[in-house]
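Peer 1: Protein chains in written order, with this note's numbering: chain A, 1 to 251; chain B, 1001 to 1206.
By construction, these hints were calculated from the structure, which means they are not laboratory data. It is possible that part of the hints are untrue.
A short, non-exhaustive set of chain A residues, derived as facing chain B with CB atoms under 7 Å [said to hold, decoys possible]:
#1 Leu-2
#2 Lys-3
#3 Arg-68
#4 Glu-71
#5 Phe-74
#6 Val-75
#7 Ala-90
#8 Phe-93
#9 Gly-96
#10 Gln-123
#11 Gly-134
#12 Pro-247
#13 Lys-249
#14 Thr-251
Stretch-level coverage of chain B by chain A, calculated; a stretch enters the list once three of its residues show a Cβ under 8 Å from a Cβ in chain A [what the hints assert, rightly or not]:
#15 1014-1024
#16 1121-1132
#17 1186-1198
Treat the numbers as computed from the prediction; the structure is a model and nothing was measured. Every residue gets a Cβ at the ideal spot worked out from N, C-alpha and C, and that includes glycine.
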Amino acid sequence: MLKRRIIPIELLDGVRLIKTVGFSAPRDVGDPVKSSRVYSDQDADELVLLNISRENRDVKALVDVVARIAEQCFVPLTVGGGIRCVEDAAKLFAAGADKVLVNSKAYTQPKLIAEIGDQYGKQAIVVGIDARFGATGFVLFSDCGRSRENVSLSNHVAAVVTAGAGEIMIQSIDRDGTMSGYDLNLLRAVIRGSPIPIISAGGAGDFMHLKQAFDEGADAAACGSLFNFGDNNPLRAKAFLKNYGIPLKRT
Amino acid sequence: MSIGIIDVGIGNIGSLRGALYNQGWDTQTVTTAGDLADITHLFLPGVGSFAVAMRRLHAAGLVDPIRQHAAEGLPMMGICLGMQLLADRGVEGGASEGLGLIPGDVGPFKTDPQLRLPHVGWNILHPQQQHPLLKGIRPDVDFYFVHSYIFNARREADIVGTTEYGMSYPSFVASGSVVGVQFHPEKSQRNGLRLLDNFCLWDGSC
């Protein structure tokens, strides 16, 4: 039986880890290489690394960090932020990424999803979708929450599935950094329209929030603040979830 | 002893090299038949399509030297696509002949519309028999899988472990000094590292 996954999200500003609230107000939370190593030792099922630096959208800095992490962490790595073409993805795969995540380019250049998939397999391409709840429903944003997109959530989900995405990471901008729980309405809406695995992100603040996401049908729960602040880690999260019969990796 | 990793551009070998280095093993990259000369423990990692990989191995002149390595009873491990290449033939990317080191064919998962493919994530290796590479690894622990095709081993005796995903299929095969694993030990944390270490300490006998 395939297991549900706990995935620490690491946000990068150049070479440092940061954590945001509502996609702004970044705080420095440490070194990505050391932090990845600790998460790997704490039985994380996968790591997601996203470069959200405003100034540095080039993948070069990311490539260096990924290479250093891949030397020490023997766990699947998903990497994103500033991927503009297949060559950018190729550099990240060569550095040790197992999957790449694209977000902004999924709106303007959906062909890129298929191009990366053709070369590295569908499983290697994750599409990130960032959403806010607005007056008329969910509104999507690209460019790390800075640019509003005009496509509806359901149409965009359908489009990225058709384009060949292997997984979707759905993130609530409203909940990011608030530790108040995932936006379950948002998660539900995406799961309903998607035959591919879903990673829930944005808002996890305690272990019950992870259980809620799994109960909705999420394949994986991504956590930033939950593991950045406070005395929590993937091992503890799993000890909690095990009591509820959630299928988790055995080691 | 000397550990070699075949690199013919069918996947990133950095993670495997890093995992072995972490366990205290230095590795050499094998790209030509000459590189293979003094290798005692050989890894064949790979991702991508069966036909393309076999073409690359042929182009590098490595097919017969690899068979020779196995014939000498020296340890060899195929990982993911590398495991599938050990079979007699595959159909991915057009029917093609494999290395023929472990009898069997490589084909797609049984088609089930409910089954999400590729099979990606953590899933259990169910041991079917004892093997030196499983020493110190508890039965029924999870390893990391990423694949759409499976190795249908012809001989029951070659199946060391199986995994369930819509069906039960061989995820660890072995014949003499040649072993193949469908999962990625280099991405499977503690148990994966243990398996790699066991391989490097193995003399190829069962």
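Peer 1: Decide, hint by hint, whether the structure agrees.
Peer 2: Status of the hints after comparison with the structure:
The interface hint given for A/Leu-2 is met, as the beta carbon of that residue sits about 5 Å from the closest beta carbon of chain B, less than 7 Å. The closest approach between the C-beta of A/Lys-3 and any C-beta of chain B is roughly 4 Å, which is under the 7 Å cut-off, so the hint is satisfied. The beta carbon of A/Arg-68 is not positioned within 7 Å of any beta carbon in chain B (closest approach about 10 Å), and the interface hint is therefore violated. With its C-beta approaching chain B no nearer than about 5 Å, A/Glu-71 sits inside the 7 Å limit, and its interface hint holds.
The beta carbon of A/Phe-74 comes within 5 Å of a beta carbon in chain B, closer than 7 Å, and the hint placing it at the interface holds. Interface hint status for A/Val-75: upheld, as the beta-carbon distance to the closest one in chain B is roughly 6 Å, under 7 Å. The interface hint given for A/Ala-90 is violated, since its Cβ lies 10 Å from the closest Cβ of chain B, which is over the 7 Å cut-off. At its closest, the beta carbon of A/Phe-93 sits 6 Å from a beta carbon of chain B; the interface hint therefore holds under the 7 Å criterion.
Restraint check, A/Gly-96 versus chain B: the minimum CB separation of about 5 Å is within 7 Å; hint holds. Of the supplied interface hints, the one on A/Gln-123 holds, with its beta-carbon coming within about 5 Å of a beta-carbon of chain B, less than 7 Å. Restraint check, A/Gly-134 versus chain B: the minimum CB separation of about 32 Å is more than 7 Å; hint violated. For A/Pro-247, the suggested interface contact is broken, since its CB lies about 9 Å from the closest CB of chain B, more than 7 Å.
The beta carbon of A/Lys-249 comes within 4 Å of a beta carbon in chain B, closer than 7 Å, and the hint placing it at the interface holds. Residue-level restraint check for A/Thr-251 holds (minimum Cβ-Cβ distance to chain B is 6 Å; threshold 7 Å). Counting residues of the segment 1014-1024 of chain B whose beta carbon lies closer than 8 Å to any beta carbon of chain A gives 6, which meets the minimum of three for the stated coverage. Coverage of the segment 1121-1132 of chain B by chain A holds [criterion: at least 3 residues with CB-CB distance below 8 Å; count 4].
Counting residues of the segment 1186-1198 of chain B whose CB lies closer than 8 Å to any CB of chain A gives 8, which reaches the minimum of 3, so the coverage claim holds.
Comparing the model with each earlier hint shows violations of hints 3, 7, 11, 12; every other hint is respected.
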